[in-house]
Amino acid sequence: RVTARRRQRVRRPPVSSEMESAAERQQHHFILVHGNCHGAWCWYRVAAALSSAGHRVTALDMAACGTGPGRAEEVASFEEYSRPLIDAVDALPPGQKPVLVGHSFGGLSLALAMERYPDKVAVAVFVSAAMPAAGKPMMQVLEQDLALAKAMVRPSRWFLSDAVMKGNVLTAERYGSVRRVYIVAEDDATWSTEFQRRMASWNPGTETWGLQEADHMPMFSKPRELSEVLVEIAQTSTVEKRPLI
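Sequential numbering from 25 applies to the sequence shown in my numbering.
It is worth saying that the hints were derived from the structure and are not from the lab. One thing to keep in mind: the hints can contain errors.
[Said to hold, decoys possible] DSS-like, lysine-lysine: derived pairs with alpha carbons at most 27 Å apart:
| no. | residue 1 | residue 2 |
| --- | --- | --- |
| 1 | K190 | K160 |
| 2 | K121 | K144 |
| 3 | K160 | K144 |
| 4 | K190 | K144 |
[Stated by the list, open to error] With beta-carbon atoms standing in for the labels, derived distance ranges:
| no. | residue 1 | residue 2 | range |
| --- | --- | --- | --- |
| 5 | S201 | Q51 | 22 to 28 Å |
| 6 | D114 | T217 | 33 to 39 Å |
| 7 | Q51 | A213 | 23 to 29 Å |
The beta carbon of each residue, even a glycine, is placed where N, CA and C say it ideally should be.
Can you build the whole structure from these sequences, using the hints too?
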(Lines of atoms letter the chains of each structure in order from A and count residues from 1; the text may use other names and numbers.)
(Lines give C-alpha, C1' and ligand atoms only; values in the text may rest on other atoms or scores of the structure.)
Protein backbone atom coordinates (compact mmCIF):
# COMPACT_ATOMS: atom_id res chain seq x y z
CA ARG A 1 0.00 0.00 0.00
CA VAL A 2 1.34 3.40 -0.92
CA THR A 3 0.20 6.68 0.53
CA ALA A 4 1.13 10.08 -0.82
CA ARG A 5 1.13 13.54 0.65
CA ARG A 6 1.95 16.44 -1.65
CA ARG A 7 3.03 19.84 -0.35
CA GLN A 8 2.37 23.16 -2.06
CA ARG A 9 0.60 21.44 -4.90
CA VAL A 10 -1.28 23.74 -7.25
CA ARG A 11 -4.65 22.57 -8.57
CA ARG A 12 -4.55 22.27 -12.36
CA PRO A 13 -7.20 21.74 -15.02
CA PRO A 14 -7.91 18.10 -15.95
CA VAL A 15 -5.41 16.51 -18.30
CA SER A 16 -6.90 14.98 -21.43
CA SER A 17 -6.89 11.20 -21.85
CA GLU A 18 -4.73 11.66 -24.94
CA MET A 19 -2.08 13.40 -22.85
CA GLU A 20 -2.32 10.74 -20.15
CA SER A 21 -1.76 8.02 -22.76
CA ALA A 22 1.26 9.90 -24.07
CA ALA A 23 2.64 10.13 -20.54
CA GLU A 24 2.11 6.41 -20.02
CA ARG A 25 4.14 5.70 -23.17
CA GLN A 26 6.94 8.02 -22.06
CA GLN A 27 10.12 6.15 -21.26
CA HIS A 28 12.36 7.48 -18.52
CA HIS A 29 16.00 7.19 -17.54
CA PHE A 30 16.49 6.25 -13.90
CA ILE A 31 19.92 6.68 -12.32
CA LEU A 32 20.09 4.67 -9.10
CA VAL A 33 22.53 5.54 -6.31
CA HIS A 34 23.14 3.13 -3.43
CA GLY A 35 23.72 3.90 0.24
CA ASN A 36 26.95 3.65 2.16
CA CYS A 37 28.70 0.26 2.21
CA HIS A 38 26.53 -1.11 -0.60
CA GLY A 39 26.76 -1.03 -4.38
CA ALA A 40 24.78 -1.02 -7.61
CA TRP A 41 23.91 -4.66 -6.92
CA CYS A 42 21.37 -3.69 -4.23
CA TRP A 43 19.06 -2.24 -6.91
CA TYR A 44 18.83 -5.43 -8.98
CA ARG A 45 15.14 -6.10 -8.31
CA VAL A 46 14.07 -2.51 -8.90
CA ALA A 47 16.32 -2.23 -11.96
CA ALA A 48 14.81 -5.40 -13.42
CA ALA A 49 11.26 -4.15 -12.86
CA LEU A 50 11.97 -0.76 -14.43
CA SER A 51 13.82 -2.29 -17.37
CA SER A 52 11.04 -4.79 -18.05
CA ALA A 53 8.63 -1.84 -18.22
CA GLY A 54 10.75 -0.34 -20.99
CA HIS A 55 12.67 2.25 -19.01
CA ARG A 56 16.40 2.90 -19.16
CA VAL A 57 18.21 2.14 -15.90
CA THR A 58 21.71 3.06 -14.81
CA ALA A 59 22.73 1.64 -11.42
CA LEU A 60 26.03 3.11 -10.30
CA ASP A 61 28.81 2.00 -7.97
CA MET A 62 30.19 4.96 -6.04
CA ALA A 63 33.97 5.09 -5.69
CA ALA A 64 35.42 1.97 -4.00
CA CYS A 65 31.94 0.50 -3.55
CA GLY A 66 30.20 -2.58 -4.88
CA THR A 67 32.31 -4.23 -7.56
CA GLY A 68 34.33 -1.06 -8.13
CA PRO A 69 38.12 -1.14 -7.75
CA GLY A 70 40.01 0.35 -4.85
CA ARG A 71 39.52 0.51 -1.11
CA ALA A 72 37.50 2.96 0.96
CA GLU A 73 40.56 4.50 2.59
CA GLU A 74 41.91 5.36 -0.86
CA VAL A 75 38.97 7.67 -1.62
CA ALA A 76 40.31 11.10 -0.73
CA SER A 77 37.08 13.13 -0.59
CA PHE A 78 33.32 13.01 -0.72
CA GLU A 79 33.41 14.56 -4.18
CA GLU A 80 35.69 11.75 -5.37
CA TYR A 81 33.33 9.24 -3.77
CA SER A 82 30.39 10.82 -5.67
CA ARG A 83 32.32 11.21 -8.93
CA PRO A 84 30.56 8.31 -10.75
CA LEU A 85 27.21 10.09 -10.34
CA ILE A 86 28.55 13.56 -11.13
CA ASP A 87 30.25 12.27 -14.28
CA ALA A 88 27.12 10.34 -15.35
CA VAL A 89 24.93 13.45 -15.11
CA ASP A 90 27.57 15.65 -16.76
CA ALA A 91 27.82 13.25 -19.71
CA LEU A 92 24.10 13.32 -20.51
CA PRO A 93 23.25 14.80 -23.91
CA PRO A 94 21.38 18.12 -24.01
CA GLY A 95 17.68 17.77 -23.29
CA GLN A 96 17.94 14.38 -21.59
CA LYS A 97 16.95 14.74 -17.95
CA PRO A 98 17.07 11.61 -15.79
CA VAL A 99 15.26 10.70 -12.60
CA LEU A 100 17.89 10.52 -9.88
CA VAL A 101 17.12 8.02 -7.12
CA GLY A 102 19.22 7.90 -3.97
CA HIS A 103 18.98 5.55 -1.01
CA SER A 104 20.24 6.34 2.51
CA PHE A 105 23.72 7.94 2.34
CA GLY A 106 23.24 8.16 -1.44
CA GLY A 107 20.95 11.14 -0.88
CA LEU A 108 24.00 13.28 -0.18
CA SER A 109 25.54 12.35 -3.53
CA LEU A 110 22.21 13.27 -5.15
CA ALA A 111 22.33 16.67 -3.44
CA LEU A 112 25.82 17.34 -4.78
CA ALA A 113 24.79 16.41 -8.33
CA MET A 114 21.67 18.60 -8.05
CA GLU A 115 23.79 21.56 -6.97
CA ARG A 116 26.22 21.04 -9.87
CA TYR A 117 23.67 20.37 -12.60
CA PRO A 118 20.20 21.60 -11.57
CA ASP A 119 19.08 22.01 -15.18
CA LYS A 120 19.98 18.42 -16.08
CA VAL A 121 17.76 16.64 -13.53
CA ALA A 122 14.04 15.98 -14.04
CA VAL A 123 13.38 15.00 -10.43
CA ALA A 124 15.43 13.74 -7.50
CA VAL A 125 13.89 10.98 -5.40
CA PHE A 126 15.20 10.33 -1.89
CA VAL A 127 14.33 6.80 -0.72
CA SER A 128 14.68 6.73 3.07
CA ALA A 129 17.70 8.87 2.28
CA ALA A 130 19.74 11.65 3.78
CA MET A 131 18.20 14.89 2.51
CA PRO A 132 20.26 17.94 3.49
CA ALA A 133 18.91 21.46 3.62
CA ALA A 134 20.05 24.29 1.38
CA GLY A 135 22.41 26.63 3.17
CA LYS A 136 23.36 24.02 5.78
CA PRO A 137 26.34 21.63 5.91
CA MET A 138 25.49 18.20 4.54
CA MET A 139 27.16 16.56 7.52
CA GLN A 140 24.38 17.95 9.71
CA VAL A 141 22.13 15.09 8.61
CA LEU A 142 24.65 12.44 9.66
CA GLU A 143 25.39 14.13 12.96
CA GLN A 144 21.76 13.70 13.94
CA ASP A 145 21.62 9.97 13.29
CA LEU A 146 24.57 7.67 12.65
CA ALA A 147 22.64 4.45 13.25
CA LEU A 148 23.27 3.48 9.64
CA ALA A 149 26.82 2.57 10.64
CA LYS A 150 25.39 -0.55 12.26
CA ALA A 151 24.33 -1.86 8.84
CA MET A 152 27.77 -1.85 7.22
CA VAL A 153 28.34 -4.51 4.57
CA ARG A 154 31.61 -3.27 3.09
CA PRO A 155 33.97 -0.89 4.91
CA SER A 156 33.36 2.65 3.79
CA ARG A 157 33.74 6.26 4.90
CA TRP A 158 31.33 8.93 6.13
CA PHE A 159 33.55 11.93 5.18
CA LEU A 160 32.46 13.87 8.27
CA SER A 161 35.59 16.06 8.14
CA ASP A 162 35.41 16.60 4.38
CA ALA A 163 35.37 20.21 3.18
CA VAL A 164 32.32 19.62 0.96
CA MET A 165 30.43 17.97 3.80
CA LYS A 166 31.30 20.73 6.29
CA GLY A 167 30.79 23.71 3.98
CA ASN A 168 27.57 25.40 2.90
CA VAL A 169 27.82 24.16 -0.68
CA LEU A 170 24.09 23.63 -1.31
CA THR A 171 22.18 26.69 -2.48
CA ALA A 172 18.47 27.37 -2.77
CA GLU A 173 19.06 28.76 -6.27
CA ARG A 174 20.54 25.52 -7.62
CA TYR A 175 20.00 22.53 -5.31
CA GLY A 176 16.70 24.00 -4.13
CA SER A 177 15.40 24.56 -7.66
CA VAL A 178 15.24 20.85 -8.56
CA ARG A 179 11.98 19.00 -8.04
CA ARG A 180 12.42 16.79 -4.95
CA VAL A 181 10.44 13.81 -3.71
CA TYR A 182 10.97 11.99 -0.42
CA ILE A 183 9.79 8.36 -0.10
CA VAL A 184 9.32 7.52 3.58
CA ALA A 185 9.92 3.88 4.49
CA GLU A 186 7.15 3.51 7.05
CA ASP A 187 8.66 0.49 8.87
CA ASP A 188 12.25 1.71 8.83
CA ALA A 189 13.97 0.66 12.06
CA THR A 190 17.16 2.56 11.18
CA TRP A 191 15.81 6.02 10.50
CA SER A 192 12.47 6.73 12.15
CA THR A 193 9.57 7.97 10.04
CA GLU A 194 9.65 11.15 12.11
CA PHE A 195 13.28 11.79 11.21
CA GLN A 196 12.64 11.04 7.53
CA ARG A 197 9.75 13.51 7.44
CA ARG A 198 11.77 16.07 9.36
CA MET A 199 14.50 15.96 6.71
CA ALA A 200 11.86 16.47 4.01
CA SER A 201 10.47 19.45 5.93
CA TRP A 202 13.86 21.17 5.78
CA ASN A 203 13.30 21.59 2.03
CA PRO A 204 10.12 23.58 1.26
CA GLY A 205 8.12 22.16 -1.62
CA THR A 206 9.32 18.58 -1.16
CA GLU A 207 6.67 16.00 -2.11
CA THR A 208 6.40 13.28 0.51
CA TRP A 209 5.23 9.73 -0.21
CA GLY A 210 4.79 6.93 2.30
CA LEU A 211 5.70 3.33 1.45
CA GLN A 212 3.83 1.04 3.83
CA GLU A 213 5.55 -2.01 5.34
CA ALA A 214 8.89 -0.96 3.85
CA ASP A 215 12.00 -1.25 6.01
CA HIS A 216 15.23 0.67 5.50
CA MET A 217 15.92 -1.30 2.33
CA PRO A 218 12.72 -0.86 0.26
CA MET A 219 14.52 -2.21 -2.81
CA PHE A 220 14.46 -5.58 -1.04
CA SER A 221 11.34 -5.43 1.13
CA LYS A 222 9.05 -3.70 -1.40
CA PRO A 223 10.78 -3.73 -4.82
CA ARG A 224 7.60 -3.90 -6.92
CA GLU A 225 5.84 -1.15 -4.97
CA LEU A 226 8.94 1.04 -5.01
CA SER A 227 9.32 0.58 -8.77
CA GLU A 228 5.69 1.53 -9.34
CA VAL A 229 6.05 4.67 -7.22
CA LEU A 230 9.20 5.72 -9.10
CA VAL A 231 7.42 5.41 -12.44
CA GLU A 232 4.40 7.32 -11.14
CA ILE A 233 6.64 10.11 -9.86
CA ALA A 234 8.48 10.29 -13.20
CA GLN A 235 5.26 10.35 -15.21
CA THR A 236 3.68 12.97 -12.99
CA SER A 237 6.62 15.20 -13.76
CA THR A 238 6.09 14.61 -17.49
CA VAL A 239 2.35 15.31 -17.40
CA GLU A 240 2.66 18.50 -15.38
CA LYS A 241 5.16 19.97 -17.84
CA ARG A 242 2.94 19.36 -20.86
CA PRO A 243 0.64 22.09 -22.20
CA LEU A 244 -2.81 21.93 -20.65
CA ILE A 245 -5.91 21.89 -22.84
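Review point. Within a Cα-Cα threshold of 27 Å, do K190 and K160 meet the stated pairing?
Key: Distance ~9 Å between K190 and K160 Cα, so the pair holds.
Exercise for review: With a cut-off of 27 Å on the C-alpha distance, tell me whether K190 and K144 pass.
Suggested key: The hint holds at about 25 Å.
**Study point:** Consistency of beta-carbon spacing, T217 to D114, with hint 33 to 39 Å
**Key:** Cβ of D114 to Cβ of T217: about 35 Å, so the range 33 to 39 Å holds.
Check your understanding: Taking 27 Å as the top limit, are the C-alpha atoms of K160 and K144 close enough?
Key -> With Cα atoms ~23 Å apart, K160 and K144 stay inside 27 Å; holds.
Review point. Is it true that the C-beta distance of S201 to Q51 lies inside 22 to 28 Å, as the hint says?
Key: With a Cβ separation near 25 Å, S201 and Q51 satisfy 22 to 28 Å, so the hint holds.
Practice item. Take a quick look at whether K121 and K144 sit within 27 Å of each other, Cα to Cα. Key: Holds, because 5 Å separates the two Cα atoms, which is no more than 27 Å.
Check your understanding: Do Q51 and A213 keep their Cβ atoms within the hinted range of 23 to 29 Å?
Key -> violated (35 Å)
Hint 7 from the list above is the single one not met by this structure.
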